[in-house]
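So the sequence lines, in the order shown, correspond to chains A and B.
The first sequence: position 166 = 165 (numbering that gives the first Met the number 0), numbered continuously.
The second sequence: position 34 = 33 (numbering that gives the first Met the number 0), numbered continuously.
Hint data in this document are derived by calculation from the structure and do not stem from the laboratory.
The reader is advised that the hints may include incorrect statements.
[Stated by the list, open to error] In silico SDA-like links for lysine to any residue, alpha-carbon gap of 25 Å or less:
1. B:LYS269 - A:ASN239
2. B:LYS293 - A:GLU247
3. B:LYS75 - B:CYS60
4. A:LYS240 - B:GLY285
5. B:LYS223 - A:ASN92
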Amino acid sequence: MKFAYYPGCVAQESGKELDLATRWVSARLGIELVEFPSFSCCGSGFLDEANGILNVALNARNLAIAEKAGLDLLTICSTCQGMLTYANRRLENPTVKARVDGALAPLGISYSGKTRVTHLLQVLTEQVGADRIRSMVRRPLTGLKVGAFYGCHLLRPADEMRSESAEEPHSFEDLISALGATPVLYRGRVMCCGFPILFVKEPTANRIAGRQILDAKAHGADAMATPCPLCHISLDSFQNKVAKEVGEKLDMPIFHLPQLVGLALGATPEELGLPRHMVSTDSALQKLGGVAVPA
Amino acid sequence: MFAAEKLITVPFDVYRYDPTRGGEPRYQHYELRLAPHTPILSGLLRIRDELDPTLTLRYSCRSAICGSCAMLVNSKSRLACHTPVGPEVAEHGRIVVDPMRNQPVLRDLVVDQKPFWTRYEQMDPHLIPDPLRPMPEGRPTQMTPAQVDRFKETPRCIACASCYSACPAVEADPEFPGPMALAKLYRFVVDPRDGAHKARLQKIQTSGLWLCLRCHLCTEACPKDVRPSERIRDLKELAVRAQGGTEPGSRHAIGFMKNIEEAGTLNELKLVRQTSGLSGMVAAAGQGIRLARKKPELLKGPKTIEGIAEVRKLYAALEKDEEVPL
């Protein structure tokens, strides 16, 4: 398995731990990550609001880089996954394609639409497979109740993402089970984290994040896990402010998807960047009987 | 002739609540023998007509046209008249029916839609002619197919309020008008016969447009493929292009665009300044310092990508592109 690795902006900056964990897990599972320092930001949905055609063109450039290398693209962020897939979809419209081609051609770039965009969650569940992951687990996450938090753009709009059911997805829960943990089902798992308006109207964004964390908690979750670093910002980096907004103690550890996998495959908390979180993951680690990996 | 469909047992758990009588909402269990293709609405009406005349629900056309019977079926937004019982029983073993969200329950499955309609009315959802270009009298105004194409999705809306029910921004903030109201507004903003484009965009920029989370829950819930989240996206781009960064939301979108032009990748710290200005930076400083202790990269800023010149050329070619929306 070999992919053009598209880490996205946040995993290279404030969410560096996501990149660390992805590399650790990929090395273990034989996923080869080919790096392209020429990848740009996906626009994160914000660029699309300012200039839709520029957003598609910028992502067409990213997709062309992978296509030229003959590789599919691996994302580790629901929003990157959404934006790059959205660009692929828009480029199926001949009018849009002509406008984008017109802007790319003078740069000597062409994109024929072949690059498939795949999120790490999909690679783990569809290509590596739950059975193989289960067989490689060294520290089963037995007893840990984990609420999956999918992130909007991995799922919706479902006809554009062409993914599993957007209303009742189960891939993440299947993976959590394969790691030995117990998935928690709650409505909030397919809801929004509030991030897109965190810098527009923070109290509202925090109320939305709070609602999902409280929902997971009410259903017994010891921790939540997300395949999107933007959700991680809302749920972890801002959890102190979220707690204040909703007026409740939350103390909910939030794992990045590959951190949870890495933990089960035997990585140390440091190798996965867990100390970089704003909300301590210790309560979850204690449930697992500390951090020592059984021999 | 078709072979007769085998009947199946359909367990219903239906939300019951009468706020005028107090007490807590509860689920009432009913069982029917139905053909798998039977619409859930028909099942509910049989319960009401044969088992329990107190069950209260709203419906009319039974043909997915009137939008009255939107409700939650096993937690999913559905028109009850358009959803067969068979697949739900196969998937979930039963059919749990709840009233729509984000609207107060009047009784059982009937919700108070007043806020939904009020917000719609606040959009002035009718043509406002341009006084300088009066509509021709005695003959219809004409539009080109391309002009009609720009709002071909919105007239499909049947005002069932499924989008309003699904929307987390509606749930969290009374300022947000909701997906349907904004999709309808979009329809008038791009209608060439309407003379109030600018005023409409100006008004909505300061009254909730930028609270849309683009989570696409509305588009997923819509039974008519109106795709409200995409219409809201179009409205935002139109607002940005017509009026620039007048609000935190449009400033953020424009700030983001400029941010990527500089290094090709996001500078998180700089973006806060671009959206919120210096005063916003000061207000966010406490949280910023807390974050930077664990995440020192925040203060360093990103490495410029290779090929940034290509990115900037794309900007130069498309930044002034007037042909909107996509």
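Status of each hint after checking the structure:
A distance of roughly 22 Å separates the Cα atoms of B:LYS269 and A:ASN239; the hinted pair therefore holds under the 25 Å criterion. For the hint pairing B:LYS293 with A:GLU247, the CA-to-CA distance comes to about 24 Å; that is within 25 Å, so the pair holds. Distance check on the hinted pair: B:LYS75 and B:CYS60 sit about 21 Å apart at the alpha-carbon level, within 25 Å; holds. With a CA separation close to 11 Å, the supplied pair A:LYS240 and B:GLY285 stays within the 25 Å bound.
Under the criterion of a C-alpha separation no larger than 25 Å, the hint pairing B:LYS223 with A:ASN92 is consistent with the structure, at around 21 Å.
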